[in-house]
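Protein chains in written order, with the working numbering: chain A, 5 to 313; chain B, 55 to 576; chain C, -6 to 352.
Because the hints were derived from the structure by calculation, they are not lab data. Accuracy of the hints is not assured; some may be wrong.
As the list claims (entries may be wrong) - Result set (DSS-like, lysine-lysine): computed pairs, CA atoms no more than 25 angstroms apart in a straight line:
id: 1; chain 1: C; residue 1: K117; chain 2: B; residue 2: K371
id: 2; chain 1: B; residue 1: K371; chain 2: C; residue 2: K73
id: 3; chain 1: B; residue 1: K242; chain 2: A; residue 2: K56
id: 4; chain 1: A; residue 1: K76; chain 2: B; residue 2: K139
id: 5; chain 1: B; residue 1: K402; chain 2: C; residue 2: K120
Given the structure is predicted, the values throughout are model-derived calculations rather than measurements.
Letter by letter, the chains look like this.
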Amino acid sequence: MTKYIIRRLIGLIPTMFIIITISFFIIRIAPGGPFDKDKRYPPEIIKNMEKKYHYDEPILIQYARYMLDILKGDLGLSSAYPDHDVNYFVSRSLPKSVFIGIIALCIAVISGIGVSIISAAKQNSWIDYTAMSVAVFGITIPLFVVGPLLMYICAIRLHWLPTSGWIDGKYGWVTLIMPVITLSLPYFAYIARLSRASILEILRSDYIRTARAKGLSEPVILFKHVLKGSLLPVVSYLGPAMAGIVTGSVVVEKIFRIPGIGHFFVQAAFNRDYFLLMGTVIVYAVILLMANFIVDILYGFLDPRISYK
Amino acid sequence: MKKIFLIMSVLLIFLMGCGQGKKETTVFTVLNGAEPPTLDPALSEDNVSHNILLGLFEGLLVYNPQTNNGAPGVAESWTVSNEGKTYTFTLRTNAKWSDGTPITAKTVVDSWLRTLNPETASPYAWMMGMVVQGANEYNSGEAGADAVQIKAIDDHTFQMDMVGPIPYVESMLPHTIFGIVPVHTIEKFGDKWTLPENMVCNGPFVLKEWEPQDHVTVVKSKTYWDAENVKLDEIVYIPSDDNNTRLNMYKNGEADWMFQGMPLDQIDVLKQRPDYQVIPQLATYFYEFNHTKPPFNDVRIRQALSMAIDRQTLVDKVTRGGQIATNEVTPPMPGYVPPEGNGYNLEKAKELLAQAGYPDGKGFPDSTILYNTSEAHKIIAEFIQQQWEQKLGISISIENAEWKTVLARGKEQDFNILRMGWIGDYQDPNTFLELFQTDAGQNYGKYSNPEFDALIRQAATMPGGTERFNVLKKAEQILIAQDQGIAPVYYYVNQDLIDLTKWGGWYTTIMGWHPPKYIYKK
Amino acid sequence: MKNKNQHQPEHQFNQSIKRTSLFLDAVRRLRKNKMAVAGFIIVVIYAVISLSAPLLPIHSYKFQILDHRFLPPSIKSAGKILLERERARLLTQAKNAGRDTLLPDELEKLETYEQKLRSDTTIKDGKPIRTFGRIYLLGTDSLGRDLLARIIYGGQVSIAIGLIGSITSILIGTCIGAIAGYMGGKTDYLITRFIDIMYSLPYMMLVIILMALFGRGILNLFFALAFVSWLTVARVVRGQIISLKNSEFIEAARSIGAGNLRIVFKHLVPNTLGIIVVFTTLTIPNFIMMEAFLSFLGLGVQAPFATWGSLIQESVDGMDLFPWRLFFPAITMVLFLFAMNFFGDGLRDALDPQLKNKL
Chain A
5 MTKYIIRRLI
15 GLIPTMFIII
25 TISFFIIRIA
35 PGGPFDKDKR
45 YPPEIIKNME
55 KKYHYDEPIL
65 IQYARYMLDI
75 LKGDLGLSSA
85 YPDHDVNYFV
95 SRSLPKSVFI
105 GIIALCIAVI
115 SGIGVSIISA
125 AKQNSWIDYT
135 AMSVAVFGIT
145 IPLFVVGPLL
155 MYICAIRLHW
165 LPTSGWIDGK
175 YGWVTLIMPV
185 ITLSLPYFAY
195 IARLSRASIL
205 EILRSDYIRT
215 ARAKGLSEPV
225 ILFKHVLKGS
235 LLPVVSYLGP
245 AMAGIVTGSV
255 VVEKIFRIPG
265 IGHFFVQAAF
275 NRDYFLLMGT
285 VIVYAVILLM
295 ANFIVDILYG
305 FLDPRISYK
Chain B
55 MKKIFLIMSV
65 LLIFLMGCGQ
75 GKKETTVFTV
85 LNGAEPPTLD
95 PALSEDNVSH
105 NILLGLFEGL
115 LVYNPQTNNG
125 APGVAESWTV
135 SNEGKTYTFT
145 LRTNAKWSDG
155 TPITAKTVVD
165 SWLRTLNPET
175 ASPYAWMMGM
185 VVQGANEYNS
195 GEAGADAVQI
205 KAIDDHTFQM
215 DMVGPIPYVE
225 SMLPHTIFGI
235 VPVHTIEKFG
245 DKWTLPENMV
255 CNGPFVLKEW
265 EPQDHVTVVK
275 SKTYWDAENV
285 KLDEIVYIPS
295 DDNNTRLNMY
305 KNGEADWMFQ
315 GMPLDQIDVL
325 KQRPDYQVIP
335 QLATYFYEFN
345 HTKPPFNDVR
355 IRQALSMAID
365 RQTLVDKVTR
375 GGQIATNEVT
385 PPMPGYVPPE
395 GNGYNLEKAK
405 ELLAQAGYPD
415 GKGFPDSTIL
425 YNTSEAHKII
435 AEFIQQQWEQ
445 KLGISISIEN
455 AEWKTVLARG
465 KEQDFNILRM
475 GWIGDYQDPN
485 TFLELFQTDA
495 GQNYGKYSNP
505 EFDALIRQAA
515 TMPGGTERFN
525 VLKKAEQILI
535 AQDQGIAPVY
545 YYVNQDLIDL
555 TKWGGWYTTI
565 MGWHPPKYIY
575 KK
Chain C
-6 MKNKNQHQPE
4 HQFNQSIKRT
14 SLFLDAVRRL
24 RKNKMAVAGF
34 IIVVIYAVIS
44 LSAPLLPIHS
54 YKFQILDHRF
64 LPPSIKSAGK
74 ILLERERARL
84 LTQAKNAGRD
94 TLLPDELEKL
104 ETYEQKLRSD
114 TTIKDGKPIR
124 TFGRIYLLGT
134 DSLGRDLLAR
144 IIYGGQVSIA
154 IGLIGSITSI
164 LIGTCIGAIA
174 GYMGGKTDYL
184 ITRFIDIMYS
194 LPYMMLVIIL
204 MALFGRGILN
214 LFFALAFVSW
224 LTVARVVRGQ
234 IISLKNSEFI
244 EAARSIGAGN
254 LRIVFKHLVP
264 NTLGIIVVFT
274 TLTIPNFIMM
284 EAFLSFLGLG
294 VQAPFATWGS
304 LIQESVDGMD
314 LFPWRLFFPA
324 ITMVLFLFAM
334 NFFGDGLRDA
344 LDPQLKNKL
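Make the full structure from the sequences, and use the hints.
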């Protein structure tokens, strides 16, 4: 097992290398450069700015320079936010996204699985249908509607909560309520539906029939045999979902003013802020690879039939 | 769930109560449009950072809060000599940095030279180049720093030689690019000098906190020479580009001033509010034609299209925010009334179109309007599209892209009609008209008329006054009436939400700069 | 709908063995499932309505009458609504001045306003049309366009995107996921790494480049969607297959000499169908909303053509003032998704290999 883990971890390095290399080159192909602005600057000024970020050098040299910098742990300079470097932004904003993402994810997982057990146990009852309706709503209505709607109801209409902001503002922790609800809703819906389908699948399988035949009680069957196996698709889904949720949802961060890293993903792409964009790509890739790696390990725990050699 | 909300709201009230218990400080919260890219005056190029810098730094001149013209700042007074080409400033003796270091004429020279230094890579250095003799040469690396014609005559006298008599220079000098920076701390901290722990300022406020994407907080400076007249204790700039959230924050009393970016759907309701301020802005919204390709290289087509846009209906029923319909590109300024452009005239438009070979729009080639993605640009394009389709029989499709793609396509003339806008950098028609010279970078449509170019060049050598304005007026007449080089649509307005019964010292100005030094709570 | 049957053990004695193709068998069982049939019918109705939009007696989706902007949904004509609005305005004005009724000159003003409304015409395609009697069942948008027409026309692209997105994700995702899960070892390693790389590339930049190279056609939109839609499905399927491939029934199939392909697609994939179908029906709204995001970058359909995604997106800012602009497109989508879910559930039950040959 340990050997397997180590081998897998080493295997991530070439993947990372490929991601960084491909990204580095493709983002340079996109039309428009970092210094195309509302005001079109004289060529001399562009030249000065390109020099500052070494954009005037041949692309392969830039690439080599960037790779060396990464090995040293330096993600480069941001051209749209010249006062800070990329490391500063990542170190400031990533923890906040991770924090809020993990809270939302926990809520989504716990409530999603809970609801799925109830609705699978009472299949085709009103509970089942209500849960399904909530899930369908939760998925259909996009975050950019749920967020403003919640804000309108809770902040503007009822004055229960402040509109937005981070926990160190003057309103404290309550500002987190709405973004966490918004962020967890679609994940809750996915998990609830996937896990319900999976539970039903397993309830029909031979070994559950055997268990029933042996006369085991329903709760024992449900929790001991069904649930563990049924988490498999949820876990598969969670790998990429986790990477998405902890690196910050752009929409939720924008609406509720969460100073997380999600904003930079989009902003850096729009600004053609090459190094900031690369920084966010790297952060995302690392988290995604780790999450998928953990998922693969979890498979073994959830299903004894899966073995790793 | 309800219980949690109840507990939370009790907690909230409690927390807010605690806040009020403290000694009364006047905090002014501004909904600034986005994360400020920089707080380095030499690197600033946008109004978000400009807004903050207005409080942190003071240049030789500052904006007069009521007119936005130049007013004495670090320079107490100045004299003009050498046929308007030389300015000599007398600096006030009590100006100093927030760490106590005095500001002398040498500081000004060093600051400006730093801005022009090619290694600083200042995006707005061109603006200094427009004014200061030798600035462009140094900035482009052709000459050394000694080519720049600025000097410290003594500790408190600073002199600059200009490239010509520039009548509007006093409205340019308050711009941050002419700012004075703490060269002594920049040498010490390098690129990190704008971090709150490192930064020293010379304006009425100093930087306290800068949390990216969250807030910038500035507090009243104790060392500022005019500190007794600064009324605000603290200003919080909130960077949010979600207009819906910003509006909700304002409505909820979480912020005191929201500028620009009012959601279009809310305009009708906002207009009814007493705290909604709308002021004409020194900015124009226009459509550029591609002059390099048919059919838009034909002046009749351009005139026909421009004449078929019912701009008044557009501003009344589509944009609705108080924008001013215009057939001219330059907004009226003190002393300058733009010449009349081609207004809404359907008969004439149809006639011109027929003359150009497309009677009732028959056979008009496929064309598109290109705009950068935005709800407002979209519905304006949709409106104009229908105007042309229903009135001229021309069907033109519309196409959006994100900003950088639009700019890249504009640069390569890969468009038929391009939406553009321009905000004047200073109060003079030149800031608009110079855009359309043949070799100007901003001239995406490649409009070219030697006569127009000659007039702009001629005006650049003339001293201020009616005569110069007449030359510019003639140039504009060629651009918008005779050639219809572009189709102006409307003048932008500054839309602000601020309760003026509560806040004073905030004036409505065409440039839209509101120096925080003068803002006070009534 | 599933009956209690599944709780009863199935064995060779209560199954009537009747050779029939998997497909016909599935259709037969699908038809018995009322909810699934209802779902299917709704989806068909949606498709028929949006495809036959040009033939329906509805307004143009793009013709603007600016005076009719932001009209609420109503069976009354636009002219009447405007008239009532004006009367209400004058009445509040009168109330503020301390009167209960309108003055004669105000009544006269109202009269002339009505005359004006009744005689108002606008030019459409060269012909003047009267605007007074136009009825907007679902209200209008910010340029006075009929919301009903916009939703119906918007369905054309949105339904296509939803279906194409889910079909490509099922096809590509299932195949690749199944192969990776079943083969294991090097193949699995390479495929999962490939998926990881696809996930990590900056998608927005890829789309921008795609557009710069190939323009903004609807085909490019489908391509941009298909490009990433299958990734999560592939991972989920792979997980399921890994778990299933060591089961007894696979051992059995292998021992009687079934080939790899047969094992994967005849035995393994059908057993993961439940998960695949649920997952796919869930992703349909994602694709529909993703279209709105891609159109922000400039990819896909052009204004003034609408899609459900763009209708919802542009209504968010004014949702407190013009709730119908958000409500109707949203409810249209929710209903569609419900139908797809029921249909999907029915499909899943119908294709369940454990129920094969069962009545």
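Structure-based check of all given hints:
Proposed proximity of C/K117 and B/K371 is supported: the alpha carbons are some 19 angstroms apart, at most 25 angstroms. This hinted pair checks out: B/K371 and C/K73 have alpha carbons roughly 20 angstroms apart, not beyond 25 angstroms. Distance check on the hinted pair: B/K242 and A/K56 sit about 19 angstroms apart at the alpha-carbon level, within 25 angstroms; holds. About 52 angstroms separates the Cα atoms of A/K76 and B/K139, which puts this hinted pair outside 25 angstroms; it is violated.
Annotation: proposed proximity of B/K402 to C/K120 holds, straight-line Cα distance about 20 angstroms (limit 25 angstroms).
Of the numbered hints stated above, the single one contradicted by the structure is hint 4.
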